[in-house]
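Enquirer: Listed below are the residues making up each chain.
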Amino acid sequence: MKAAVKRRKKISVADFSFRFCNMIFMILFVVITLYPILNTLAISFNDGTDALRGGIYIWPRLFSLKNYYTVIQKDDLITGAFITVMRTVIGTLLSLVTNAILAFIVSRKRFLFRHQLSLFWVITMYVNGGLIPTFLLYKGLGLTNSFGVYVIPGMISAFNMLVIRTYMNGIPDSLEESAQLDGAGYTTIFVKIISPLCKPVYATIALFVAVAQWNSWFDAMLYNRMSDNLTTLQYELMKLLSSVTNQSTSAEVMKNASGSVTPTSVRAAATMLTMLPIVCIYPFLQRYFVTGLTLGGVKE
Amino acid sequence: MSYRTKAKKNKNHQETKIQFSWKEVKRQKVLLIWSFFIVVYGIVFYYLPLAGWAMAFENYKPKDGIFHSSFVGLKKFNMLFSDETFLRVIRNTLAMGVINLIATFITAILFAILLNELKSRGGKKIVQTISYLPHFLSWIIVTGILHDALSGSGIINEVLMKLHIIDQSINFFAHTQYFWLIVAFANIWKETGWNAIIYLAAITAIDPNLYEAAAIDGAGRFDRIKHVTMPGIKPTIIILLLINVGNVLNAGFEIQYLLGNGLVQRVSQTIDIYVLKWGISQGDYALGTAAGIFKSLVSIILIVIVNKIAKHNGEERLF
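These protein sequence lines are chains W and R, in that order.
Residues in the first sequence are numbered from 1 upward in steps of one, following the working numbering.
Residues in the second sequence are numbered from 1 upward in steps of one, following the working numbering.
Pulled out of the complex, with its shape left as it was, chain W reads as follows:
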């Protein structure tokens, strides 16, 4: 009896210390994750030249809105923001519709080329032409220096299609059959019956595609470098970053600026503005990306 009590006590001490360590670990994790972001936020609201002295952590020392003011006055950044919003909206819509149609087709049990069409797309996940042939192809198709290069090439992706297909496979066939008895064609079945049931998986894919669109910069650099009116937010941010790292240019920019903003502080403001939409949206969509990731793990 006594021994049992002793033992229980011992376990609870071990338990307590484990929980305590775990909590410390989690707090440390949260601090490491959030600190750099909060630090950037503080710098973005701080006077630029004052920030160069260092010592700013998560609260601005000399409050100033000049950085944000400078950002909204930069034409390139405004153009970039517009193009980024456009490519995110159009790209996500196109991608969602085409992937959904493809997933619908390959999840129809009666479809004659079901396995062939699936295989055709699964292969593209593992084999691709590589950078140079792709570059030459886009050039040949006239996609370079055009908005199309942002939304057309990656439109259908095998991975996204497979996620939607897995979800559609879980919908009972009887729904399709009874609709067919009522005389519905495949278009009606897709639009009126299957799609409403697929809302969660559509949301997942839309989120994945939208984030990828919002964050991509490489296509802007590689294909649309010559077209300033097709620049994107991330690409402009990258230019700001290299102007910060490159000391000579940064000194030059500083001289041109009114003295209270620096490339570092302007970049901090631009970074915060770029981050803002994503930070506002993602917490509310958590359950969708959990769905997407678990479905994505189940292939074929």
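Don't read these hints as lab results, they were simulated from the structure.
The reader is advised that the hints may include incorrect statements.
Stretches of chain W that chain R covers, calculated by requiring three or more beta carbons in the stretch to come under 8 Å of a beta carbon on chain R [to be verified]: (1) 24-36; (2) 100-112; (3) 129-136; (4) 153-167; (5) 207-219; (6) 269-278.
Residues from chain R that face chain W, not an exhaustive set, calculated with beta carbons under 8 Å [to be verified]: (7) Leu48; (8) Pro49; (9) Pro134; (10) Ile145.
Just so it is clear, CB atoms sit at the ideal spot from N, CA and C, and this is done for glycine as well.
Fit chain R to the known structure of chain W by using the hints.
Expert: Okay, now just chain R, sitting in the frame of chain W:
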């Protein structure tokens, strides 16, 4: 009524295969038309670039095109493998790929297990939500943050100096020995929370009775993690490992491109950067394509091998 029995019959039939017939084609007209457009799209954007592989075996000149450039066989591949830079680039890609793979795997699993052990539900939710955040940031933003944190007056140098680990600030981006570590850390920072999602889902799916039974048998917390949680998420770990091993050569482009500089390029350049540099900037399309083909082939071989191993061990497979 008769239609219904027919439909039922068809349903049994479906398990085998729908026979090709004009009646069936007519019935599926919409599906066939749509798949036609989709296949055309796929051929143009995914299969046509494969034809460009021919360039690697030619003395490719843009004005002659693929069909009229002279054939040189494996000359470009010989050039590639006698280029010391390319061999170094392969080493860098493999090293960073493997380091990142192992580092992000271990941290994600550890994080998922520890988060699961957190008693407070609210706390769990908050930590998890915060942990996803970095995944949604672009590499541009992440490298910008890294530059700030690791700069001479950045927080890392400051903390290290306060702790008297160093007495002079280090310029992390100027020394080759730090680069791989920085890349690994950046990957951990960005993806730990995101990668943990799937493990947490797997842990949630474990039967709670198993934990209770283990507790009754006198298993402590670590025993339960070792004997219940770990076996429970093992299939998930294996399938993700398979996916990621096949992708090991794809691991390096954005961050290395954005963080690399002249001082560290010996360790920072990856195959993709090499292709970009030689293929696009220097205009040697053939050499760039050859390097790309090498990468694709190694990736495919890796995928086939891990798939075979998984099949042999009776685990889940990729395809």
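Enquirer: Tell me, in ascending order, the numbers of any earlier hints that this structure violates.
Expert: Of the numbered hints, all hold.
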